[in-house]
Amino acid sequence: MPVPLLTFKVIDKVYQNGTVALQGVNLIVQPGEFISLVGPSGCGKSTVLRLVAGLGTPTGGLMNWHGPNNQRNLAFVFQDPALMPWANVVENVYLPLKLKGQPLRSVRERIQAAINTVDLCGCEKSYPRQLSGGMKMRVSIARALVTTPQILLMDEPFGALDEMTRSRLNSDLLHLWEKKHWTVLFVTHNIYEAVYLSTRVIVMAAHPGRVVANIPIEAAYPRTDSFRTSSQFNYYCREIMAALSEVEGVGVS
Amino acid sequence: MGKQVSQVFDKRNSKTAWNWLAPALVGLVGVISWDIFVRLTNTPPYLLPGPGLVIKTLVEEWGDLFPSLLVTVQITLVAFLTAVVSGLLIAILFAQSKWVERSFFPYAVILQTTPIVAIAPLIIIWLQNNTFMALVVCAWIVAFFPIVSNTTLGLNSADHNLQNLFEIYGASRWQTLIHLRLPSALPYFLGGLRISGGLALIGAVVAEFVAGTGGTRSGIAYQILISSFNLEIPRMFAALAMTTVLGVAIFVGLTVLSDRLLQHWHESAIKREN
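Chains A and B supply the protein sequences, listed in that same order.
FYI, the numbering for the first sequence is 1 to 253, going by full-length UniProt numbering.
FYI, the numbering for the second sequence is 1 to 274, going by full-length UniProt numbering.
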């Protein structure tokens with residue numbers, strides 16, 4: 001077993017208003033994994049991401065980063081592209097580097113590379129309002145990539161996009177992941193998306209937020225479009241659905 | 001492509017032409033009806049002078065009125081600029097902590113709701129050696145509140161996801177202020193400017209009136225006051241017209257500035273494309 005990147009040991013998170021967002025969550029993230037967190041709303045999947053990002057602290061349990069100085073070396077992509085409307089694409093992508101005090105001159109190439117990576121060539125001088133939803137999301141991803149993060153946190157990044165844009169961005173993201181060997185934590189409520197992308201799917205339940213199933217997706221990469229219609233794909237989807245409905249059944253009784 | 005752009009441009013040009021033409025037409029109709037009314041009813045000029053007489057008086061009295069207008073412009077500008085700087089600084093202070101805001105905001109409101117006519121005489125007495133300063137203070141009191149309240153609101157309404165992002169990337173308080181909160185506040189601040197520009201003029205005029213009743217010479221409002229005392233109603237109208245033009249000029253100037261600064265990104269400065 002290699003050294004994990006990050007471990008959650010019986011993590012609890014109770015918000016000030018008394019909501020139990022997470023209860024006894026255990027999680028081990030290995031370097032290079034693509035983990036999807038799936039579950040109904042209120043199951044605390046976004047809370048997991050926020051804790052990893054250092055937005056708030058757990059109220060119980062232990063969260064450990066292994067290896068030096070990992071905590072800062074992460075990037076976050078929200079469902080909302082969260083771009084600065086007053087800044088053009090280059091300035092938006094430059095933001096994390098600017099906050100680290102790096103002058104624009106010295107990082108121009110890195111910014112351009114990130115923009116190229118997400119296929120946004122020619123839009124460098126555009127403002128967010130001139131871009132479509134999918135393009136805005138690409139800018140948001142480029143901004144995450146520009147810091148060459150060790151771990152990429154994505155909170156329903158494609159949730160607000162139409163199905164075609166979503167599947168396009170899914171396969172682009174997967175290509176990048178294969179090339180760059182990141183670790184990705186991906187929150188979604190879309191089972192198909194989770195199966196298509198992930199090396200492992202973690203199923204969560206609500207009230208209180210907890211992990212109920214851990215399903216490795218043992219399909220080889222690169223995953224093509226034909227994988228989406230294969231019987232293997234369907235098998236995993238059914239398994240996740242079963243895990244989800246089992247929890248719902250318990251909740252009702 | 002080029003053709004398309006020029007077509008769009010033409011369309012926009014003719015639209016802006018209408019933006020000016022429509023209100024100008026309304027103004028023209030108003031002035032003509034005013035003229036007809038005065039002629040038909042034979043209203044004496046000391047009750048209501050016709051537009052022709054007002055313009056004639058304006059030309060004749062220009063040498064007297066224009067320097068007065070310049071004094072008012074000075075008072076308004078100094079008060080406005082002071083309001084902008086102080087309002088911005090106070091808003092930034094308010095935005096640093098909820099407690100600072102809660103402790104001081106009520107007093108900003110009190111300053112705003114105190115009728116300027118009531119306290120202007122006091123201020124003029126307190127600063128009797130420097131009438132100009134006294135008038136500036138009165139205009140400042142009226143002008144500064146919209147800037148404080150609008151900018152405070154703007155500084156507090158930065159996008160939450162962006163705030164989280166800044167936190168994740170370890171931004172300092174200063175960086176968050178400069179790169180996130182101030183730009184987010186810009187549209188609100190500019191909205192405050194537009195209100196405050198007009199209010200600075202009103203504050204200056206009111207204060208000049210109060211000072212004028214005490215016999216102190218000052219700007220254009222003093223001329224309005226004196227003209228009405230002397231029943232020189234056409235002269236009063238001429239001075240009034242000058243004040244109005246100044247007010248409109250301030251508003252237009254600030255609107256142009258606002259549109260310039262926001263042209264790339266804010267909904268208020270962008271035409272809907274449908």
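For the record, the hints were derived by calculation from the structure and aren't laboratory data.
Note that beta-carbon positions come from the ideal geometry of N, C-alpha and C, so glycine has one too.
Check before you lean on any hint, since a few could be wrong.
As the list claims (entries may be wrong) - List time: in silico EDC-like cross-link candidates among lysine to aspartate or glutamate, alpha-carbon distance up to 20 Å: (1) A:K98 with B:D159; (2) B:K98 with B:D35; (3) A:K180 with A:D119; (4) A:K180 with A:D12; (5) A:K98 with B:E267; (6) A:K180 with A:E239; (7) A:K100 with B:E267; (8) A:K125 with B:E167; (9) B:K98 with B:E167; (10) A:K125 with A:E109; (11) A:K9 with A:E33; (12) A:K179 with A:D225.
Unchecked claim - Covered by chain B, per the in silico footprint, the following chain A stretches (three or more residues, Cβ under 8 Å): (13) 31-44; (14) 94-100; (15) 160-169.
Which constraints among the numbered hints does this structure fail? Numbers only, ascending. 2, 4, 5, 6, 7, 8, 13, 15
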